[in-house]
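Engineer: Now for the letters of each chain:
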Amino acid sequence: MVSAPSAVRSQDLPHTATAPRTLTKRGARGAGLHGWVFVLPALAAYTAFVLWPIVQAFRYSFYNWDGVAPAQWAGLGNFKTVFSNEQLLAVLGHAFELIVFFSGVPVLLGLAAATALRRFITGRLGAVARTVLFLPQVVPLVAAGIAWSWMLSTTGAVDEILGWVGLGSLERSWLGDFSTALPAVGVIGAWVLLGLCTVLLLAGMSKIDSALYEAAQLDGAGPFREFFSITLPELRQEIGVCVTVTVIAALSAFDIVYISTDGGPGTTTMVPGLEVYQLAFLNRQVGLAAALAVVLMVLVIVCVLPVQWFARKGGQE
Amino acid sequence: MLKGPSRLKNRRPSLLRRHSALAGLLTATLVMTTPAAVQAASLRGATNGTASFAANCGTKPVTLQGYFETGFPDAIDLAHLFTKQYPSVTWNIRQDAFAVITQDAPLVLSGPNPPDLMRLPTWSGLVKDHLLMNLDGYFNTFGWDKFPASDLASMRVAPSGAPSGSGPLWGMGLNYSMTGVFYNKALAAKIGMTSAPTTLAQLDALLAKAKAAGILPVEQFDSAGNGGLIFPLQYLMADYNIASQGSVSSINNWIFDQPNKDINTSANLEAVEHLDTWIKDGYFNSDANAVSYSTMMGRFEAGQGLFIFDGDWESGNLDSSYAGKYGFFLFPPLTAGGKQGAMSAPLTYGIAATAKHANCAAFFLNWVATNPAARLLNVKEGGSNPGGPPSLAIPGVKPGTVTAQTLEAGQVIAKDNGAMGFIANATGSIDAEGWTPAVESLFAGHETPVQVLKFVQNAYKQELSAP
Numbered sequence: 091m092v093s094a095p096s097a098v099r100s101q102d103l104p105h106t107a108t109a110p111r112t113l114t115k116r117g118a119r120g121a122g123l124h125g126w127v128f129v130l131p132a133l134a135a136y137t138a139f140v141l142w143p144i145v146q147a148f149r150y151s152f153y154n155w156d157g158v159a160p161a162q163w164a165g166l167g168n169f170k171t172v173f174s175n176e177q178l179l180a181v182l183g184h185a186f187e188l189i190v191f192f193s194g195v196p197v198l199l200g201l202a203a204a205t206a207l208r209r210f211i212t213g214r215l216g217a218v219a220r221t222v223l224f225l226p227q228v229v230p231l232v233a234a235g236i237a238w239s240w241m242l243s244t245t246g247a248v249d250e251i252l253g254w255v256g257l258g259s260l261e262r263s264w265l266g267d268f269s270t271a272l273p274a275v276g277v278i279g280a281w282v283l284l285g286l287c288t289v290l291l292l293a294g295m296s297k298i299d300s301a302l303y304e305a306a307q308l309d310g311a312g313p314f315r316e317f318f319s320i321t322l323p324e325l326r327q328e329i330g331v332c333v334t335v336t337v338i339a340a341l342s343a344f345d346i347v348y349i350s351t352d353g354g355p356g357t358t359t360m361v362p363g364l365e366v367y368q369l370a371f372l373n374r375q376v377g378l379a380a381a382l383a384v385v386l387m388v389l390v391i392v393c394v395l396p397v398q399w400f401a402r403k404g405g406q407e
Numbered sequence: 023m024l025k026g027p028s029r030l031k032n033r034r035p036s037l038l039r040r041h042s043a044l045a046g047l048l049t050a051t052l053v054m055t056t057p058a059a060v061q062a063a064s065l066r067g068a069t070n071g072t073a074s075f076a077a078n079c080g081t082k083p084v085t086l087q088g089y090f091e092t093g094f095p096d097a098i099d100l101a102h103l104f105t106k107q108y109p110s111v112t113w114n115i116r117q118d119a120f121a122v123i124t125q126d127a128p129l130v131l132s133g134p135n136p137p138d139l140m141r142l143p144t145w146s147g148l149v150k151d152h153l154l155m156n157l158d159g160y161f162n163t164f165g166w167d168k169f170p171a172s173d174l175a176s177m178r179v180a181p182s183g184a185p186s187g188s189g190p191l192w193g194m195g196l197n198y199s200m201t202g203v204f205y206n207k208a209l210a211a212k213i214g215m216t217s218a219p220t221t222l223a224q225l226d227a228l229l230a231k232a233k234a235a236g237i238l239p240v241e242q243f244d245s246a247g248n249g250g251l252i253f254p255l256q257y258l259m260a261d262y263n264i265a266s267q268g269s270v271s272s273i274n275n276w277i278f279d280q281p282n283k284d285i286n287t288s289a290n291l292e293a294v295e296h297l298d299t300w301i302k303d304g305y306f307n308s309d310a311n312a313v314s315y316s317t318m319m320g321r322f323e324a325g326q327g328l329f330i331f332d333g334d335w336e337s338g339n340l341d342s343s344y345a346g347k348y349g350f351f352l353f354p355p356l357t358a359g360g361k362q363g364a365m366s367a368p369l370t371y372g373i374a375a376t377a378k379h380a381n382c383a384a385f386f387l388n389w390v391a392t393n394p395a396a397r398l399l400n401v402k403e404g405g406s407n408p409g410g411p412p413s414l415a416i417p418g419v420k421p422g423t424v425t426a427q428t429l430e431a432g433q434v435i436a437k438d439n440g441a442m443g444f445i446a447n448a449t450g451s452i453d454a455e456g457w458t459p460a461v462e463s464l465f466a467g468h469e470t471p472v473q474v475l476k477f478v479q480n481a482y483k484q485e486l487s488a489p
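Protein chains in written order, with our numbering: chain A, 91 to 407; chain B, 23 to 489.
No wet-lab data here; the hints were simulated from the structure. Note that the Cβ used here is the ideal one computed from N, Cα and C, for glycine as well. Among the hints, erroneous ones may be present.
Claimed, not checked - Now the stretches of chain B that chain A is said to cover, found in silico as 3 or more residues with beta-carbon under 8 angstroms:
| hint | region |
| --- | --- |
| 1 | 141-151 |
| 2 | 303-315 |
| 3 | 441-454 |
My request is simple: use the sequences and hints to build the entire structure.
Structural biologist: Shown next as structure tokens:
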């Protein structure tokens with residue numbers, strides 16, 4: 091009774107009041123439409139190359155399929171295999187071990203390098219140092235993998251240097267040794283990602299108000315106190331980005347491992363990305379490969395979301 | 023009063039409801055639809071083997087679609103020679119590494135434009151999925167029954183995809199490889215090796231002698247994806263199987279996926295144990311687990327290593343680039359004068375089930391095996407046996423060359439009935455998932471010989487029983 095139909099109410103309103111509102115609505119609608127037109131190409135590409143493959147992978151994971159013959163409904167069978175097969179679980183474990191090298195080392199060394207570059211290495215030398223550190227980012231991963239596999243071989247630079255400095259007893263085939271292959275792959279990943287982290291952290295440091303440092307110095311703070319009390323808290327968002335990018339790189343590693351060890355020796359460097367590829371294209375178990383890929387995707391999200399939350403929370407404080 | 027707001031609420035589905043709807047839609051999609059390529063492939067499979075088996079390429083211009091393996095220029099040269107003799111036939115050849123072909127084969131063969139002639143890795147999955155042309159019709163048309171049956175056995179597979187070794191013919195070899203031991207003549211002379219060892223004990227002694235003289239006894243590749251220690255292992259398996267059973271048939275039966283075959287036998291265990299003693303004695307390059315095939319060849323050609331365990335596809339290269347510097351012998355038997363075994367595999371090519379020019383492709387395969395010019399080219403460039411009817415002589419090669427030695431070895435293996443397929447080719451992924459990690463673990467001392475065979479048999483069973 092009290093609430094009249096909205097159409098009736100709008101008719102009762104004076105024209106002077108409704109005209110501008112209609113124009114505003116039209117304008118907003120037009121702007122929205124224009125926005126969609128601009129977004130559409132990117133959205134179409136994202137849907138075709140990201141969302142649709144994810145849906146397809148999710149769908150395939152419920153089938154037993156060799157990629158050609160009729161597929162058979164498998165229900166959750168492939169997921170059960172992923173979580174019960176010791177070899178596949180070990181492969182997932184390797185990915186988490188790589189996080190130490192792909193994420194921990196570049197972020198820590200990146201912080202040290204960025205601090206050194208900001209405080210001590212300035213001018214032309216600083217520019218050269220930044221370029222050298224960032225260079226691995228522009229080298230194709232395949233080329234990096236090949237170059238490092240040469241350097242880590244028994245006739246490579248690493249063993250030669252060890253020989254020169256009197257550590258010949260440590261010489262070995264780093265990528266062919268069961269105990270050193272995974273860390274050696276990790277070192278390659280750390281080398282690739284160090285430059286990215288350093289540049290991101292340097293950019294973050296440049297935004298820190300220099301008055302904070304001056305105030306700290308007046309209060310008698312040394313370089314370490316400055317680092318832990320000012321630099322580190324102020325870089326929380328940048329560190330969050332670094333950790334996110336490098337954790338994803340660790341969990342989804344493929345190129346470097348494929349080129350340098352192909353998962354060997356034995357299965358010591360087998361990682362989920364490579365296992366997915368082998369299951370799909372060598373074993374022709376597309377369903378199991380898709381299930382492992384879905385599990386990997388969920389793991390990436392589970393690992394990355396807390397990091398993102400932590401970084402954002404820091405920004406809000 | 024309450025009606026309005028409640029209606030509004032009903033019009034706007036809650037987040038939960040929207041998700042439920044999406045989940046329902048997704049589940050329905052998952053249940054009702056199967057992966058898309060499936061039905062098309064099934065339809066294609068129905069056309070399998072329906073081609074007419076004409077024995078030539080006809081007179082109209084034909085462009086054969088080829089998918090060859092990189093690193094084998096002799097196949098390309100054979101194609102060009104064929105065009106010279108049959109000008110109406112031209113080629114459109116795509117080349118890829120063997121590993122790429124292995125991965126791509128099902129997709130390429132099930133695609134809209136499959137190759138007429140394709141280098142093929144393994145057969146069972148492709149046959150099961152109806153992707154290959156059944157060549158039995160051509161077998162009769164061209165009289166391939168005159169070819170040695172053992173040459174074609176590995177390309178016969180039951181229509182269900184297993185077992186192999188019998189059933190319809192799905193491919194042919196461009197040539198037939200022989201494996202054995204290559205040696206560096208200069209290093210052999212240094213340790214007083216004047217002739218090839220005739221027993222395994224003699225080979226053991228040579229290895230020990232080389233080690234004592236500070237010469238690397240064996241340079242071998244064994245990096246991930248390329249378990250090269252499988253070569254000496256299978257030679258040793260042949261020796262111990264011949265000694266205990268008189269033949270290599272149990273190894274071949276395992277390779278051919280015959281029912282209930284187990285690689286974990288006492289003879290094979292002795293073979294792995296023998297290999298293990300070589301590893302522990304330090305006869306191999308210490309970095310074998312990180313050495314690729316090309317690195318091994320580079321080192322051997324540079325004079326590193328007395329022996330490599332390899333196949334005759336290197337014969338042409340060694341003869342042309344390092345004439346007189348290298349020799350070849352078959353892996354010696356356990357006892358003097360005993361039968362010998364070796365991996366002898368065809369350079370396998372097949373025809374797509376829906377190939378446009380299947381007749382011409384089959385005619386080419388027959389031509390390669392029977393045409394004198396093609397056989398000569400095959401031997402001179404490929405260094406391998408051209409196959410074909412035994413009544414056709416193998417084109418002459420310069421005596422004393424590596425090629426001559428490998429061809430002679432082929433005759434010994436034929437006489438001893440010691441030809442084996444590759445244990446690494448028993449199933450599509452037994453190399454990557456079974457043998458390579460197993461021998462790498464053995465090399466590193468992480469697995470015992472018993473564990474190696476159990477691991478491989480387990481991988482073999484898992485793959486064969488996969489739905």
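Engineer: With reference to the structure, classify each hint as holding or not holding.
Structural biologist: Each hint tested on the structure:
Here's how the region 141-151 of chain B fares: 3 of its residues keep a CB closer than 8 angstroms to some CB of chain A, so the rule of at least three is met and the hint holds. Given a C-beta distance limit of less than 8 angstroms, the hint that chain A covers the region 303-315 of chain B holds, as 6 residues qualify and 3 suffice. Under a criterion of three residues with beta carbons nearer than 8 angstroms to beta carbons of chain A, the stated coverage of the region 441-454 of chain B is upheld, 3 such residues being counted.
Comparing the model with each earlier hint shows no violations; every hint is respected.
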